[in-house]
Structure formats: structure tokens, C-alpha cells
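Q: These protein sequence lines are chains C and V, in that order. For what it's worth, the numbering used here labels the leading residue of the first sequence as 1, then goes sequentially. For what it's worth, the numbering used here labels the leading residue of the second sequence as 115, then goes sequentially.
Just to be clear, a hint being listed does not mean it is correct.
Partial list, computed: chain C residues near chain V (C-beta under 10 Å) [to be verified]: (1) 9; (2) 12; (3) 38; (4) 43; (5) 49; (6) 79; (7) 83; (8) 84; (9) 106.
Below, a list of computed lysine to aspartate or glutamate pairs in the EDC-like style, where the Cα atoms sit at most 20 Å apart [claimed, not checked]: (10) V:171 to V:141; (11) C:5 to V:193; (12) C:101 to V:193.
Calculated from the structure, these hints are not laboratory results. Since this is a predicted model, take the numbers as computed values, not measurements. Cβ coordinates follow ideal geometry from the N, Cα and C atoms, glycine included.
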Amino acid sequence: DQQVKQNSPSLSVQEGRISILNCDYTNSMFDYFLWYKKYPAEGPTFLISISSIKDKNEDGRFTVFLNKSAKHLSLHIVPSQPGDSAVYFCAASAQYSSASKIIFGSGTRLSIRP
Amino acid sequence: DAGITQSPRHKVTETGTPVTLRCHQTENHRYMYWYRQDPGHGLRLIHYSYGVKDTDKGEVSDGYSVSRSKTEDFLLTLESATSSQTSVYFCAISESTPGASPLHFGNGTRLTVT
Numbered sequence: 001d002q003q004v005k006q007n008s009p010s011l012s013v014q015e016g017r018i019s020i021l022n023c024d025y026t027n028s029m030f031d032y033f034l035w036y037k038k039y040p041a042e043g044p045t046f047l048i049s050i051s052s053i054k055d056k057n058e059d060g061r062f063t064v065f066l067n068k069s070a071k072h073l074s075l076h077i078v079p080s081q082p083g084d085s086a087v088y089f090c091a092a093s094a095q096y097s098s099a100s101k102i103i104f105g106s107g108t109r110l111s112i113r114p
Numbered sequence: 115d116a117g118i119t120q121s122p123r124h125k126v127t128e129t130g131t132p133v134t135l136r137c138h139q140t141e142n143h144r145y146m147y148w149y150r151q152d153p154g155h156g157l158r159l160i161h162y163s164y165g166v167k168d169t170d171k172g173e174v175s176d177g178y179s180v181s182r183s184k185t186e187d188f189l190l191t192l193e194s195a196t197s198s199q200t201s202v203y204f205c206a207i208s209e210s211t212p213g214a215s216p217l218h219f220g221n222g223t224r225l226t227v228t
């Protein structure tokens with residue numbers, strides 16, 4: 001049973017427009033959420049995170065929104081640039097659980113078209 | 115970039131042979147992880163370590179064992195490789211408890227079991 005779900009395998013966005021990547025989770029114990037970006041033949045790199053005590057975290061062009069009641073988070077990239085073309089993974093964990101692990105979604109491939 | 119080196123980067127092996135993948139870090143981080151990445155599944159945790167000689171299972175640990183005799187090295191062993199273990203394997207490290215700080219990944223090992 002997937003605890004973290006990214007229901008869109010791929011997304012195509014025009015350069016300069018907003019990219020919105022979505023993620024849903026099922027475990028109400030999750031309280032720390034992260035987004036990773038992955039280029040081919042490289043390891044994932046950390047992009048941005050949010051704690052459950054917040055509903056928004058912003059870092060430059062990247063903003064993550066958290067809706068705890070809906071168990072949903074989203075990553076907004078604006079404006080989208082060609083270098084943003086990559087696979088994006090959503091991840092979640094329960095920070096203070098003794099068995100805490102980071103669980104990843106299946107990823108969304110973002111393509112930025114000219 | 116976090117100092118994480120995975121070796122080998124590519125390996126082709128035959129079914130039934132043992133295989134060991136190595137992860138080496140220079141960050142002196144306490145926590146180390148092995149993930150595998152497969153299409154449609156994202157990143158799934160195989161095993162992780164929270165200190166020298168301290169390890170625990172992840173969600174897909176069957177057929178894999180790990181060892182950590184030094185802070186800097188975390189080994190993943192496939193005792194008898196099977197075709198279902200063809201995958202890309204990523205090592206990751208974190209400074210703090212799982213879920214309380216981001217993971218930093220190596221560049222992966224592509225393993226093919228024929």
C-alpha cells in the first residue's frame with residue numbers, strides 16, 4: 001500500500017509558466033515533507049521541505065504548500081525554466097517516531113517546453 | 115555536494131551470484147541508507163543504519179543484507195542475485211534522525227542481473 005502517491009507520472013509545461021506538482025499521503029502520522037529533484041544518471045537532490053506546523057514554505061522560485069486536512073501537498077515552480085526538466089519525488093516521514101523512515105512517491109517527470 | 119561515493123557505478127552479474135555494493139561517505143554522518151529505484155515505484159528503502167553495527171530493515175529488505183563496520187562505509191550484499199533485483203541502487207546519508215533532516219544521495223549503482 002503506497003503511503004505517498006504521485007498520481008501524475010508526467011507533466012509538460014511551457015517555459016515561463018507555473019509548474020504544479022501534486023502529492024497525496026495516507027499516513028496521518030507524517031509530519032515532515034520533502035521534495036527531491038532528479039536528473040538522469042544522478043542521485044536525487046534535496047529541493048525543499050515543510051513541517052506540518054506550516055502550510056507554506058518558499059525558497060526562490062519554489063514553493064511547497066501543505067493541506068493537512070486533505071493530506072495533500074504541492075510544489076509550485078514559477079517561472080518554469082528549461083533546467084527544471086527532471087523527475088520530482090515527493091517524500092514524507094514521521095519525525096519523532098522511533099522507526100521513522102522517509103517514504104518516497106513514485107515520481108513525476110516534468111518537461112519544460114520552449 | 116555531500117561526499118558520497120558509490121562503487122561500482124555499473125555492474126552486470128549472473129543470476130545466483132553474490133554481489134556487494136559499497137557506499138563511502140566523508141561527512142561523518144550517523145545515518146546511512148540503501149534505496150532502490152524502479153519505474154513506477156520511485157525510491158524504496160532496503161535497509162538503513164543508525165550507527166556502526168546498528169542496522170534495520172526497510173520496506174523491501176528480502177534478499178538483501180547490509181553491514182556497517184565503520185562510520186564511513188555501508189555495504190549492501192545480494193546473497194544470490196535474482197533478475198528482480200535488477201535496479202538502480204542509491205545510497206543516502208543524513209546528519210540527523212530519519213525524517214528530521216534531508217537525505218543526501220550518491221549517484222547510484224546500476225545493477226543488471228542476467
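Q: Now tell me if each hint is right for this structure.
A: Hints, verified against the model:
no., hint, verdict
1, 9, "8 Å, holds"
2, 12, "19 Å, violated"
3, 38, "8 Å, holds"
4, 43, "3 Å, holds"
5, 49, "6 Å, holds"
6, 79, "25 Å, violated"
7, 83, "17 Å, violated"
8, 84, "19 Å, violated"
9, 106, "4 Å, holds"
10, V:171 to V:141, "23 Å, violated"
11, C:5 to V:193, "31 Å, violated"
12, C:101 to V:193, "24 Å, violated"
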